[in-house]
Structures are given as structure tokens and as C-alpha cells.
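Undergrad: The listed protein sequences correspond, in order, to chains A and B. Per this note's numbering, residue 10 is the first one in the first sequence, and the count goes up by one each step. Per this note's numbering, residue 10 is the first one in the second sequence, and the count goes up by one each step.
Certain hints may be false.
All copies of an identical chain are treated as equivalent in the list; a pair is satisfied when it fits inside any one copy or across any two copies.
With a straight-line cut-off of 25 Å between C-alpha atoms, the simulated DMTMM-like cross-links for lysine to aspartate or glutamate are [said to hold, decoys possible]:
(1) Lys114 - Glu150
(2) Lys217 - Glu190
(3) Lys217 - Glu57
(4) Lys217 - Glu150
(5) Lys129 - Asp231
(6) Lys129 - Glu150
(7) Lys217 - Glu188
(8) Lys185 - Glu73
(9) Lys114 - Glu233
Hints listed in this document are in silico derivations from the structure and should not be mistaken for laboratory results.
There are 2 protein chains.
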Amino acid sequence: MPHVLDNLRVVLVATRNPLNLGAAARAMSNFGFAHLRVVNPYALAFREARSAVGASAVLANAEEYTSVADAVADCALVVGTTAVRHRELQHPVRQLSTGARLIRKQLASGRVAILFGSEKVGLSNQDLSHCHWLMRIPTCERNISMNLGQAVAVCLYELVRAADKAVKAERVARAKAGELERITALLLDALQLSGYVNPIATAPTEEKVRRMVRRLNLQPADAEVLLGMLRQIVWKLRVDDAGE
Amino acid sequence: MPHVLDNLRVVLVATRNPLNLGAAARAMSNFGFAHLRVVNPYALAFREARSAVGASAVLANAEEYTSVADAVADCALVVGTTAVRHRELQHPVRQLSTGARLIRKQLASGRVAILFGSEKVGLSNQDLSHCHWLMRIPTCERNISMNLGQAVAVCLYELVRAADKAVKAERVARAKAGELERITALLLDALQLSGYVNPIATAPTEEKVRRMVRRLNLQPADAEVLLGMLRQIVWKLRVDDAGE
């Protein structure tokens, strides 16, 4: 859904650390988002991040704003991110998984901004007042505050996560029963030749070995390799026996 | 599900950047995971990360290992993470959402390790050979490679994401990695003694055998039986050789 992702604006407000600007931009290009907006970043941080070795196209094309209002002016939905549970929030707060679903719907028809606050204090009440609702990543009570770059990565991952459902269930081919039976027979040979199995008490062992071989869930290629190995081992045990 | 999360081991292999060690540890405590293991980190990076201001309890309690085998020995399921699509991967590769579901199931009954490779090259083939299967985050074709700390955050988020849904885990007990490694070693012995493996060309075979043994999805009881069988076969091959 490339054109849909193209409708997202990641908005970093008052970011202080150039590494976090770089990390956010990197996560964006990892997950296919191109449009970064920064609001009043620490000037030095922004310059440093932009000039860093390997700075991405996302960062190079970042748009700079002096107010949240301007940065989200063209967006139909504005969502704030927060780690806080008990701050006096006048907004609905949604779990990331629920929020991302709503955002995806909206992206189909218009621009959406996701806001991330500064490392120290997050989004201010003033910033939050521009948001339709808030979204939180389900972190632990004891350590709720995420690193900014990691928070951006997790949010964007959740946004593309469901877009990806098209992935076909991987097919796991299985070895045919005839091959499993040949493996069983050879393994039994090896066990007899090595003295693991008493020839007289073979029957119960045979069943056990057969069941075990089936439990291995062998793929065709592995079954073939295993057959080759067992053939060689049995051959060697036979040769040795004959030589005695 | 606190006790369930307690069964996860996050394993960072050959990490170079102290900031990434810190970021991984931070994401772990954000999402409620406590057990970090590091395999051959750059010594300086590890020291720096540990002594950084605000270094977390997770980092302080990180366990250091010198091999992947040791770091995962007590885990029943070992999952590698990869960004790569087209490398010649002999493992099943699952999307993160699918993989996380399987991991959660396994966490209900035993320990699971998730491996993250170094920033430059990811996990080596040698590292991958210890994995039952691989997991990838659905990043863009054009920019698939994620920052390490962000990748850890996204994977852990996906693990806790559906935890609310109270996944009823059907228990699938699995053999521990230490036992699988013993099986691997014995099978290699048998292959060498029987002449299947040219001793000079052992290394690639070793990786192949290790991967194959992981794909067998052995249950603990079967692993024990298989160990007994291989011990007997190897013993017999040795005796025969000595008698010649």
C-alpha cells in the first residue's frame, strides 16, 4: 500500500538528541515512510543529524516547522503518542494496536500526523491540544518510558504490520511416508548391527523407532540426507562385522 | 504473564556499539524482559554500556558467553533474527508476527532464546546453525536493515503485543539446545567413523548437520532415545575400528 503510507507524516516535536532524529528517520525508511516533519528541534541536533554519515533521504527531506499547528495543518487526523497513563489526559487514549488500525483506515483517504514529544518531557499539554486522540505503546508499569527512536520504530511497525497479512502461510513440505519407512528400516539395521537392539526383542523397538521417525516432521531434503547418512553408517557397520 | 516473559533470553552476538547494548537493555525493561545474554561483545563496548549513566538492571545482570552454543544451551527453542531475504537460508523464515506467536507458545513451557547478530554483518552461518528457525521484521525491500536497538524493541513489542489476548498455550515440550548439540556431535562422530564425512571437509558438514538436527523438532524423550542410539552406534563403530 505505498500510496497509503505516503499519507503519513511523522512529526517530532522539540527533539534534543541528533541520534534520535537519525534513528527515527532510519525506522521510517525501514518501514516505507518518507515524510518527516520536525517542530523546533534543538538546532544543533538537527544540523548534526542531517550531516551525519549515512544520513538518510528521509532526514535530508525533513520539513522544519516552528509550531505544531503548522506542522499538522494539512492532516485530517492528528494522533499524539504518550507513555503516560495517569496524567490528566482529556483525550481518549488507545492501545497502539487499536490506534494503528484506525490510522490505517484514515490513511486510505487522507493525511495523518503522528506526534512524538521530546526525550525529556514528551508532548506538552499545548502539543496534545492539537491531537484528536492519543496512542500508547503497551510498556511495563515499572518502566514505561521508551527511547524515542525505538518508540517511532514500534509505532511504524504496527502500522505496516497488518498491511503485511498477505504473506502466504509458508508451506512446509513433508517427506513422503515411503521415505520415512526407508529411514526407519535403515535406523533399525544400524541399531541391530551396533547391538542397541536385541534381535529377539525387535518388534516393540521397531514400532517405537517408526513413531519417532514420524515425529521428526522431516522435510524432503532432510529425509534424503538422513537416508544417505544412515546408508553409509549401516554399510560401515556391515563391513566391520564381516571383517571380524 | 510475568513468569512466561521470564523464560525469554535475548542473546546479542558480537555487538559492537555500546549504545545498542544499552538500547536493547532498555527495550527489554520497557517490555518486561529481564534476561540478557551477550556473546563475545566488543569488550570495550560492553564495559562502556555497563558503566553508562542510567544503565539498567538488565544490563548490570547480563550474562556473558564466549559461544552461541553455551549461550543457548538451556533453551528449548532458539530463533535467529535476520533482515536477509535472499541469502541461501536453509532455515524456515517466519514473519515476525507468526514467529512471535510460536515463541509465546513455547515460552509457556520452557526457555526460548532470540538471537540478534552484530550491527555490520548480522548472524553468521555458524550462529544460524544453532537456530531452529529464523524470523524477519517486515521491512522495505529498499532498506531492509534495521538499527539493532530498534529491531530488538520491535521484536519484543510483538511478543507482548498479544499477551493480553491470553493465548492458551498448547504445550510443546522441546529438547534443550545442549542436548541437540550432543546429538549433533555424536552424529558427526558416526559420520566420520563410517567414512561419510571426509575429516578435512568437516566444517561445512558440521553446520549442515547442526541445522538439520534443529529442524527435527525433537521432544525431550525422543532426544534422549536418539542420544542413546547414537552412543551405541558410535561405540560399535569405534570398537570395530580398533579391532581392525
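Undergrad: Compare the structure with each hint and give your call.
TA: Here is how each hint holds up against the structure:
1. Lys114 - Glu150: Between copies only: 24 Å across chains, 30 Å inside a chain, cut-off 25 Å.
2. Lys217 - Glu190: Both ways: Lys217 and Glu190 sit 13 Å apart in one copy and 23 Å across, limit 25 Å.
3. Lys217 - Glu57: So Lys217 and Glu57 fail the 25 Å test inside a copy (37 Å) and across (46 Å) alike.
4. Lys217 - Glu150: The answer is neither: 28 Å in one copy and 44 Å across copies each exceed 25 Å.
5. Lys129 - Asp231: neither (38 Å within a copy, 31 Å between copies)
6. Lys129 - Glu150: within (18 Å within a copy, 34 Å between copies)
7. Lys217 - Glu188: Both, since 17 Å and 20 Å are each at most 25 Å.
8. Lys185 - Glu73: Intra 19 Å, inter 43 Å, cutoff 25 Å: intra-copy only.
9. Lys114 - Glu233: For Lys114 and Glu233, only the intra-copy Cα distance (23 Å) is at most 25 Å; the inter-copy one is 30 Å.
Hint violations for this structure: numbers 3, 4, 5, all remaining hints satisfied.
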